[in-house]
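Kindly produce the complete structure, drawing on both the sequences and the hints.
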Amino acid sequence: MTIHNKIVFITDADSKSGKAILHQLVSEGAHFILNSPSNGEEIRLDLEQCHAAGSKTVVINIDLCNRSELDATLEQTAQQLGTVNVLVHNNNLVKPASVEYCEEDVFFEILNANTKTAFVCTQSIGKQMIAQQSGRIIYVSSIHAEKPTGSSFAYSASKGAVKLLASEAALFLGRHGITINTIEMGPVEGDNIAFESTFSSLYDSYEYKVPNAILGTYEDLASLVVYLASDESRYLNGAVIRLDGGFLNHYMDHRMKEPAVLEGGTP
Amino acid sequence: MNLVGKVALVTGAGTGIGKGIAVELARRGCKIAINYNQSDAGARDTKAQIEELHGESIIIQANISVKTDVERMVKQVFDHYGTIDILVNNAALQLNFDFFDYDGATFDRMMSTNLKGYWQCTQAVVPYMKQKQIGRIINISSVHSKRPTDFDTLYTMTKGGILMMSRESAIELAKYGITVNTIEPGAVDVGKQSARESKPIVSPEDAAKMKQEVNKIFKKFPMGRVGRPADVASLVCYIASDETQFMTGASIRLDGGSMLL
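If you read the sequences in order, they're chains A and B.
The first sequence lines up with residues 1 to 267 when you count with my numbering.
The second sequence lines up with residues 1001 to 1261 when you count with my numbering.
Simulated from the structure, these hints should not be mistaken for lab results.
Treat the hints loosely; a few may be bogus.
Said to hold, decoys possible - Derived, one-sided and incomplete: chain A residues facing chain B with beta-carbon distance under 7 Å:
#1 Arg67
#2 Val99
#3 Asn192
Bear in mind the structure is a predicted one, so any value in this text is a computation, not a measurement.
From the three backbone atoms N, C-alpha and C, an ideal C-beta is built for every residue, glycine too.
The structure is reproduced here in structure tokens:
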């Protein structure tokens, strides 16, 4: 899919989404700059697989809110690997934050992790891409850029802000041959815990609210990232793709697909 | 639409849309707390306009991005009037910096005022409103909470954040009888009252071109004009009234149809 030898920057390589994206892009022949908060420790095996497959990797561990640190790092990685062709912003800090009781430091922790890093990366890597007059920026966001969580206003506000960053960047950077698209990821296993809420019943029986009663996986996400990173998606710009199996279309509980009955046993 | 005797705190009421809202709420009988940060003369003018209507108001200086300021402001409203019925979150920054000219500190400043400021004011009024099990929070956002400006990325981002914060506030505060709704004005003519701290985003020649283009765009608006503060104020009064008990988490586009083009 024309990703061969492209340089991909992943903002959180240690996360489950980061690993899945890394694996699928390795098989497409990409090379990587991986921001790893564990300094590569959490992705040791993944790095070995990259090397075995012939993918070059540079592991960094920097604060992506710090523009000058990122600029300096990109100068170095440009020497080592080349300039960035694809930015995958997949930072996703989920923490409870109620409107009534949240503290200021938690608000900023979430906003900085999810939004400020997206803005700073877009500025810094966007400059490199403008010099090349090409590039792909992919924000891995959430259905909560649209649907409230009932558990963390700071999280959904942080993703709501990224949604508008994407639409502005699609104009600013779009004029330089760069495309910017957003994936609004729906429920994966464990999201009912991450977004546990006393105000919203969204995640009650959440797996059955997906019409086909199958939860999404990070592999589903990675597959869409590969498409958006490729030349095949050249006319997609400023798009928001909801990847939730139809979860947000759910309305009637009694219509939900029941769990399949296993042979000789209970569901 | 009975607003007589209700107490309304309007942030950024020294200029532009905020001033229009404060005066209109007063005209309909609300007691007003006029918040301003820098527009001292503007706040006094708002008060004078309210006095002409024989209305009641107090002026409170506070920077909504500073938590202690917000807490002091809300306490002052309560101490003076004994209640707070309506909060209009309106004070916001629009710096119009070019995309690459925003640095980390300016990012923080924009987020602190436009997003954190709205939240902090909301958080600060909740204890007073929940005592009465009724309250109206009205967030003034923008059509740019859903559509880019093509000239101020950070402004748009904060408005995208406000949209979600309003939806979250609506479901969380419903149990206290507090409704939270958002108004998305399009272009509003605020005359020369705006205290906008703006850096030219383009050269003077380009600025002239942009002005020309904007005027051309405005002429094409379906209703033949841009909005006025009074348009926004009228909708604020409706949302603030008792007639909207079941409306919460709504965002109402108020742009004369311009975003449909």
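Taking the hints in turn, this is what the structure says about them:
1. Hint status for Arg67 of chain A: holds, given a least beta-carbon distance of 6 Å to chain B, under 7 Å.
2. Given the 7 Å rule on beta carbons, the hint for Val99 of chain A holds: about 5 Å separates it from the nearest Cβ of chain B.
3. Interface restraint check: Asn192 of chain A against chain B, minimum CB-CB distance 17 Å, threshold 7 Å, status violated.
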